[in-house]
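Student: Residue numbers (the working numbering), protein chains in the order written: chain A, 7 to 120; chain B, 282 to 393.
There could be a bad hint or two in this list.
[Claimed, not checked] Listed below are the simulated DSS-like cross-link pairs for lysine-lysine, each with C-alpha atoms no more than 30 Å apart in a straight line:
#1 B/K338 - B/K351
#2 A/K19 - A/K63
#3 B/K351 - B/K340
#4 B/K388 - B/K338
#5 A/K63 - B/K338
#6 A/K19 - B/K388
#7 A/K63 - B/K388
#8 B/K388 - B/K337
#9 B/K340 - B/K388
[As the list claims (entries may be wrong)] With the Cβ distance kept under 8 Å, some of the chain B side facing chain A (calculated, not the full set):
#10 E286
#11 P320
#12 A373
#13 N378
#14 A385
#15 G386
The hints are simulated quantities; they were obtained by calculation from the structure and are not laboratory data.
Every value quoted in this text rests on a predicted model; they were computed, and no experiment measured them.
Cβ atoms here follow ideal geometry from the backbone N, Cα and C, with glycine treated the same way.
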Amino acid sequence: KAGVTQTPRYLIKTRGQQVTLSCSPISGHRSVSWYQQTPGQGLQFLFEYFSETQRNKGNFPGRFSGRQFSNSRSEMNVSTLELGDSALYLCASSLAGPSAGAQYFGPGTRLTVT
Amino acid sequence: TQLLEQSPQFLSIQEGENLTVYCNSSSVFSSLQWYRQEPGEGPVLLVTVVTGGEVKKLKRLTFQFGDARKDSSLHITAAQPGDTGLYLCAGAPSYSNYQLIWGAGTKLIIKP
């Protein structure tokens with residue numbers, strides 16, 4: 007069974023631009039969670055989707071948004087990029103939700119904002 | 282808001298030594314997960330503990346969930362260079378089934 011894939015793996019953008027990141031979950035998994043990881047900060051929860059519905063959202067500004075498609079693939083979008091948005095963005099998939107069972111992470115997208 | 286404090290933040294020891302990483306909170310969690318993350322990769326789930334007082338062993342790694350389900354520890358016996366990585370704990374909060382609360386991580390380096 008293929009693991010969680012994220013594209014692109016690396017991205018360089020300039021301030022003010024917008025970016026879209028993609029996540030393909032493990033086949034059969036309907037829950038996708040997104041996280042931002044910066045050095046020393048651990049994982050900061052962005053949002054979680056299940057069957058195309060956002061069930062929970064973390065404490066991030068409205069510039070961060072996401073969606074999930076009928077095939078469970080998910081995208082997250084960051085508009086008007088700021089330098090502080092530079093981070094590793096991780097997505098994780100699970101059958102029913104992040105606290106309901108095993109969560110499997112993708113390798114992440116490394117975003118650098120200059 | 283529930284928080285998870287992880288300690289130590291950084292640990293560098295020699296191969297063969299033992300170590301313990303702690304994950305503490307003032308709040309109760311319904312379950313707690315431990316992950317290991319290596320550079321350039323996403324975290325990988327090591328174990329989930331659910332019952333207060335539960336102890337789980339994974340080869341040289343021993344995980345314990347506190348009786349009150351507010352804290353957890355990871356003990357590594359005879360550490361090896363392959364244990365090097367970032368160890369993260371994550372708890373399922375009482376107010377949501379749809380997110381985890383994460384510790385900031387313990388960066389572990391095992392020197393040969």
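Student: Checking one constraint from the list: CA of B/K351 to CA of B/K340, max 30 Å. Satisfied?
Tutor: holds (25 Å)
Student: Taken at face value, is the distance from the CA of B/K338 to the CA of B/K388 at most 30 Å?
Tutor: holds (21 Å)
Student: Between B/K338 and B/K351, does the CA-CA distance stay at or below 30 Å?
Tutor: Distance of about 20 Å is within 30 Å: holds.
Student: Given the hinted pair A/K63 and B/K388, is their Cα-Cα distance within 30 Å?
Tutor: Status holds; Cα separation ~27 Å.
Student: Is the hinted pair A/K63 and B/K338 satisfied, with a Cα-Cα distance of at most 30 Å?
Tutor: Not satisfied, since the Cα-Cα distance of roughly 34 Å exceeds 30 Å.
Student: If you take the shortest Cβ to Cβ gap from B/E286 to chain A, is it below 8 Å?
Tutor: Constraint on B/E286 not satisfied, violated at 11 Å.
Student: Take the shortest C-beta to C-beta distance between B/A385 and chain A; is it under 8 Å?
Tutor: holds (4 Å)
Student: When the nearest CB of chain A is found for B/G386, is that gap smaller than 8 Å?
Tutor: Result: holds, 5 Å to nearest chain A Cβ.
Student: Between the alpha carbons of A/K19 and A/K63, is the straight-line distance 30 Å or under?
Tutor: holds (25 Å)
Student: Against chain A, with CB atoms and a cut of 8 Å, does the hint on B/N378 hold up?
Tutor: holds (5 Å)
Student: Taking only the CA atoms, is the gap from A/K19 to B/K388 under or equal to 30 Å?
Tutor: With Cα atoms ~29 Å apart, A/K19 and B/K388 stay inside 30 Å; holds.
Student: Is the Cα-Cα distance between B/K388 and B/K337 30 Å or less?
Tutor: holds (22 Å)
In summary, the structure is inconsistent with hints 5, 10 and 11 from the numbered list given earlier, while agreeing with the others.
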